[in-house]
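*Asks:* Given the structure of chain G, go ahead and fit chain F onto it with the hints provided.
Line by line, the protein sequences give chains G and F. In terms of our numbering, the first sequence opens at residue 133 and continues consecutively. In terms of our numbering, the second sequence opens at residue 313 and continues consecutively.
FYI, nobody ran anything at the bench for these hints, they're computed from the structure. Please note that the accuracy of each hint is not assured.
[Stated by the list, open to error] Just some of the chain G residues that point at chain F, by a computed CB distance under 8 Å: (1) Asn134; (2) Asp135; (3) Arg138; (4) Gln232; (5) Arg267; (6) Met270.
Ideal placement from N, C-alpha and C gives every residue a C-beta, glycine not left out.
Take a look at the letters that make up each chain.
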Amino acid sequence: MNDFKRIVKLAKRLTFERMFSTRMYIMLPVLLLFIPGMAWGFSDPNIVLPGGHQPESAMEVLFYASLGVVFGATMCAVLLSYDGVSRERASGVLELRLSQPMSRAHQSIAMILGSWKAILIPTWILLLVSVLVVRYRMGEWISLTDFLVYFSSTALILLWYVLFTLLASSYTREQGTAISFGVGMWFLFTFLWALITTMVAFASGVSIGQENDASWVMLEGALDLLSPNGVYHHLLETRLPQIDRGISSWQSWSMGLVWTIIPSWMFIRRMEKILP
Amino acid sequence: MEEVVLRLEGATYRHSVYAPLPLKPWRSIKGPGIFEANISLQKGTILGLVGPNGAGKTTLLRVMAGILPLQTGCVYSGSDGLVRTEQQLRQMVGHMPEQVRWQGRKTVRQALLELGEMRHASEKRIDKLLTLVGLTTRKDSALSELSQGMRQRLTLGVALLGSPEILLLDEPLNGLDPVGAAAFVALLKSLTEKGVSIVLSSHQVEGLIGIIDRLALMHRGHILAEGTLEGVAKSLKLDSKTEIKGTGSPPRFKKYGINPSQVHLEEKNGYWNALLEQAQPHLLTKLVNDGVEITEWSIRQPNVVEMLCAATGQSLEDVGLEVASSAYVPLRTFGGEEE
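With the rest of the complex left out, here is chain F:
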């Protein structure tokens, strides 16, 4: 079993929501947030945090970064046991928030030096970081002159100040061009090889496959499932699927013992495309022997969107679009008690 570097037990943080009453204009109630979250981060792995808008991903990352204090629950670090203060947590963690809009006449290097002083980072370390995030040629550029991708790189540079053992990345791929994104992923992989543990939150769920080692699904402030991709799929009872493409007439799948309700078939201009709900490893041989013209064949693992839909019990449309409005309602009924 891999070494756990950070563990959250029963972590709860609920945002204060302004809810005035005519006779109590200052009234606020406890609103959305994260609810009794349990999560473990293992050394040298990348944990993907996935959930619809408003699921609580950013709140969870801020709690893990020591920015928001825990209201209930505990944080344990692998080496030192119970983490007693947020400051202790911040020492271990590098945090990359979503979309930092760097602005002003300050240069890239000056910005890093300023924040570096809070972590005792030397000038040599700053110059190394500039090289690492690919900003050496722009080190003397004013912050206002940076493109969105360069701002992302600078924010990553700040997160890496002080060589943290844990890196929390909130939507890190936003604004990066494809080449930059690929380089970014390669950088993350090299960091994990050095033992850095990474939590990566992203809406771009498909892009996460191949990057992450473990997955945590979040919805309405709860962590619904956590584990390896296979483990999560298994816990959600999701099977692998078979995807077949061919030309001519599509085969009659019932003949091969496959329930037609589990086959999604599309035909267009002499081509057909079939998606079978279960893995059918021996079907290819049978189809070829029967002379069916097959152009493509694959057995694929359930993707993250399917896992999210299965975990939340929602349809693709709900997760993609509608959930933003309902995400503020916790799964369990909380009283909305006054603070």
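Pulled out of the complex, with its shape left as it was, chain G reads as follows:
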């Protein structure tokens, strides 16, 4: 068996363990309500959004429904992964893992893939349900490119949250600290980021919250590249030509790559040096 197969097999075991864990059964109703539930709500033909706006296309509806991913799926990613390293470290199982001849980098990759797939598979299934819901309510399919962008962007945001949480888990010896870090980080990017954006705008002399003010929109767009949720929305916006926040597609995808590579590298490096 080569190294790649070993990584895949280990990741599969971890995925299975986490996907059928009690906490997943608890979180599944939340995911159900947030992802297909939002798709159902936003695809209502009579819906009027704040500002009197009505969604024009299936992709736009799915873009609004992506709030379910931002609020629900990312939190589930945190809750599934927060003890990925810390629990095994506290119980002594990590020491057994570290004493195995499989390289630590490969073990880390298996850990990332396992935790990621555990939240990715149910989320993708629910996204597929959302696409079907939108088709049923609006009578319109999204294009193949929209579909690929929507699913790959969602996969990426989940990966980022899994990576941050695993990284936090590898630094903490107590699971309480690990979960506090994970939830705190989720809170920062989901709720507090708007406050940070506002503060930066205030400090820069940009008028705050003026949707018609180009400088505010540009600043918000630029700052969003520094948040995983912001990058996720930038990636989805690449399929919505009516939205222009001054960030081009290549910039969004490049930042997506940066958010993937840096935390992955940090986690692998951390695991290579971790002490039991």
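*Replies:* Just chain F now, kept in the frame of chain G:
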């Protein structure tokens, strides 16, 4: 001379200790660990690693298991020479850490299969291991349902994955019932007969006699003595002792040419018990001829605790209780230099 399977030369590993200063809150210094340890492990033998709490036994085992990297020194394997990477070391070694608290809904077999994949262990091998460690009937039990003894057996099973040539066991007898412990010892003996070399660290020092072939005494990160039990006792200038028990009046040992300062005598309810600091093989005949009533007689080798006391220069109480606090101070003065 027996074949050496693993040799550590000048092995040093010092733990990083967080030591913040007001203007340097991230500061850490090098603290306790192991210092220039030299140790050889011979094929098919059991080496007992003995030392008080905080002596560095677990650190040494982790270095030998390739979990902690050496800061200075080298590791040599008998067959391949210099061991260049920790991964190479981990291939040869099976490690059983102290007190692994297995938990979760995963079954015993699933846990072994998962870790077995890291060592290319087949399902057939896993089932054999389950039989070997006596967990066949519990293979489908959830990890959370296991008793401490069963957890120990499972951890041993993991250490045996991949049929390692060296087995490192940290406090393996903890939590095992007497029957389980006896079976465990028998298993270790059978493994050594197959050529597996074992390093066994334990606080239960008396239980080690009869199991181990060689002994290494550790204190404050240093290996103070290493060799066969007799060899270590000899190097520490410890003699065998004579223990005599009897009834009636105890004999006057001075009459037999024995210095009274070397006799520890206790009397209670018509019984007496004498411990002579040296072996006195001819004394029994003389005592019997003089009509002394003797109920028990033995010449015993110095035990591990006595060796440890002699090696560290501490009293029994120091080794047993007080050393935990002072064990973090290395024997040699290290500067506590910043990392």
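*Asks:* Run every hint past the structure and note whether it holds.
*Replies:* Hint check:
1. With its C-beta approaching chain F no nearer than about 11 Å, Asn134/G sits outside the 8 Å limit, and its interface hint is violated.
2. With a cut of 8 Å, the hint placing Asp135/G at the interface with chain F is violated, because the nearest CB-to-CB distance is about 11 Å.
3. About 6 Å separates the beta-carbon of Arg138/G from the nearest beta-carbon of chain F, less than 8 Å, and the hint is met.
4. At a threshold of 8 Å, the smallest CB-CB gap from Gln232/G to chain F is about 4 Å, leaving the interface hint in force.
5. For Arg267/G, the suggested interface contact is broken, since its CB lies about 38 Å from the closest CB of chain F, more than 8 Å.
6. Because the beta carbon of Met270/G sits about 42 Å from the nearest beta carbon in chain F, more than 8 Å, this interface hint is broken.
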